[in-house]
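Student: Line by line, the protein sequences are chains A and B. Anchor point for the first sequence: position 125 equals 125 in the numbering used here, and the numbering is continuous, going up by one each time. Count along the second sequence from 1, then add 1000; that gives the number in the numbering used here.
Heads up, some of the hints might be wrong.
[As the list claims (entries may be wrong)] No more than 25 angstroms apart at the CA atoms, straight line, and that leaves these computed lysine-lysine pairs for DSS-like: (1) A:Lys425 <-> A:Lys403; (2) A:Lys62 <-> B:Lys1080; (3) B:Lys1006 <-> A:Lys62.
[Stated by the list, open to error] Computed spacing ranges between beta-carbons, pair by pair: (4) A:Gly351 <-> B:Arg1070: 25 to 33 angstroms; (5) A:Glu376 <-> B:Gln1410: 40 to 48 angstroms; (6) B:Lys1179 <-> A:Lys73: 40 to 48 angstroms.
Derived by calculation from the structure, the hints in this document are not laboratory data. All C-beta atoms in this analysis are idealised placements derived from N, C-alpha and C, irrespective of residue type, glycine included.
Single-letter residue listing:
2 protein chains.
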Amino acid sequence: MAMKKKPVTGMKDILPREMEIRDYAIGLIKETYKTFGFTSVETPAVEHIENLSSNQGGENEKLIFKVMKRGDKLLSAANKMVEGAKSGDANEIGLDVGSLSDSGLRYDLTLPLSRYYSNNANDLPSPFKALQMGNVWRADRPQRGRYRQFMQCDIDILGEPGIIAEIELILATTTLLGKLDFSNFTIRINDRRILKAMAAYSGFAEEDYDTVFIILDKMDKIGLDGVKEELLKEGYAAETVEKYLGLYEKLVGNGEESGAAVSADDKAKISIENIKSIKDTLGDHLDAEVSDNLSTIITSVEGAKAADFGISFDPTLVRGMSYYTGPIFEISMDEYGGSVGGGGRYDEMIGKFTGQATPAVGFSIGFERIVMLLLENNFQVPGAGSRKAYLVEKNMPAEKMQKIMALAKQERDAGTIVNVSIMKKNKKFQKEKMKEEGYTEFVEFFSDREF
Amino acid sequence: MAMKKKPVTGMKDILPREMEIRDYAIGLIKETYKTFGFTSVETPAVEHIENLSSNQGGENEKLIFKVMKRGDKLLSAANKMVEGAKSGDANEIGLDVGSLSDSGLRYDLTLPLSRYYSNNANDLPSPFKALQMGNVWRADRPQRGRYRQFMQCDIDILGEPGIIAEIELILATTTLLGKLDFSNFTIRINDRRILKAMAAYSGFAEEDYDTVFIILDKMDKIGLDGVKEELLKEGYAAETVEKYLGLYEKLVGNGEESGAAVSADDKAKISIENIKSIKDTLGDHLDAEVSDNLSTIITSVEGAKAADFGISFDPTLVRGMSYYTGPIFEISMDEYGGSVGGGGRYDEMIGKFTGQATPAVGFSIGFERIVMLLLENNFQVPGAGSRKAYLVEKNMPAEKMQKIMALAKQERDAGTIVNVSIMKKNKKFQKEKMKEEGYTEFVEFFSDREF
């Protein structure tokens, strides 16, 4: 019976060293978010295939691990599929393999949360502050450091239309990152309505926004000139492109590229100025409340933050998912060279389930990336407790064994980690190995000695 | 776009009240087992279909949620299935729907752990004390209180042939139950080799053991007479059946049914006597080490236990899974009226992967049952922290909002749960609802007042 030893393609076994960090981070996340009034919720890993395929998930919908129907329903669907193929040309009409599946593994926690909220709203407070930690699955091409099963960690506030929700989410997330010893990161913030207003002001047609934003999103990599080139290549009017990039040129030039490091305090100040400048330029294209709210978010976060970071208005921030309707934000961390989390307001998703619009904002941290960074930085879990090994001679009589276990109990009650093991022939080697696991003290028990 | 609000059949959304207890229990489990030297490990939820179908899982193998192949592999398998059906009579030959799946959701944590150990043994200590908490999935017929996704919580010691492993597992598990305020439960313990020796001594043929044990397992429900009747009905020789039941009669009569409540101390004493009696009766049918070890386990656990429970030798304890090779145990809890956990030694499973026998013992607690009991008993999570609500008038100016968030930060840093919410029109109702959530103190902020 040759069984397969490796995990399935693209998924991984997690070893004790990483688990220690994961467990610690999970504990800290729960503890920290709790002080902000978030409560844990959980949805099943398996979701209705109809929900997973409802166009809320963007590209992720192509990556679903589908779960097969079972029993008679599976056989009936398979027979129907075969009959269909028999009456036509299978290669031409294509087999309806999708009909064999009734569910799939969730690819994120946002869609299940919307379903959860619409199913349980009557039993939940309003606004509802939800914390979700759970695995999601995506049948992505496996690559270094990216797995097909990974943990997501989301906080969401449902039922609150005001920016107090954004402020709470950003403060909670940054407080957590601070407790995990991260510093010098930046919260980049923008608003989908500013993005749109800037495009409208410049003369882009609404149906072109998505394409324009995809190009704009490359600003960090290809710069203003690169963005300009790609927009022109796409066939947009030179005048429109000039006007659009003129807006960004003005802002990017404003302090950000002075060469000197910008303090967090200055970042916030420059941001407030930039928002004001955008507001003045865009005029009627932008609702004044949108820009004022963004300023208030920045001011409130900057003034009440519990970690060493900056918050900065970034008019080039796009965020991929089309479901965002208001403020959007992302965590940039220099040591990682990319985003370690992000989120935004999605006021329309829950209405898709309930038929009744429910405002919602979420912030997701890249749990796996954070764990990876902690591992790479050789992060030591604080207060891991002292570790003691009891080495017990083989065939210890019952009464003496009882005594050893009672001793261990006393020490364990006091919080010491006690590992009771049988003494091996090569005791020296045994101790060396246990030292590698962090056992610093050894107590030996022999059947012919008193203890 | 009509999306489905309910979870998929047989799975459930977990509400905040239950999550609070689950999170607390999970934290306590990790903390408690850690002091016994267990380290967390995790395997993917998705396993190779070959491993899941390798006859290690008994009845569970019929309950697998199968995951479909993806992309070209799926199309190729589907085409092959259709071609096969075209060339024969689909209804007669049956469709090979299984060929469309390459993996499935794990139905337990034991099989994945065996794979994990064989894949990572070089990076793991020996013996290896593993703690696993994770969801498993079984496409069981949905019924009250039993779900198709549920959490399992297993501790296993791999690589230790001696009973120190059994003692550690039982002490760790019972210490945890004590911390969760459970008392008056009983650890029933037996050994598969005693079960077999009793059957052999009585004259049953080895190939009949499984059938005999399935009947014996009903002892609590149908009593000695019922078991006798069923064994005779099965066609076993009256003499054999008489001899077999004679063994049990003697033991069951020994103190257990005296009517008076038996103290834990007496339970252990009676158990030691019963084991001695069995040993004397079975003679050469039983290796003396087996019975002596069982006595040592009982003595050691009774003498070092950290909770109010009894441990009792129960020669009728069978445990379903055929992979057990040595001591087996189960937790009986009167308030639940059934088992809330169990385990045993399975020295042969890991060898199926590695080709090299590796001794192993595991103890699994019924996490979902325990959570259910805690919910029913209206369990209060200790040290849940004081909860304060800040009610903030709408449209608070940026500088004042900043001040409010800074105040909240101070209190949160000190461990208070602070929920910052926008003040609603019906403030009285808002407060009442928040009181239900446990918020005891309210602070109100108005834009025209100082704070």
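Student: Which numbered hints turn out to be false for this structure?
Tutor: Violated: hint 5 alone.
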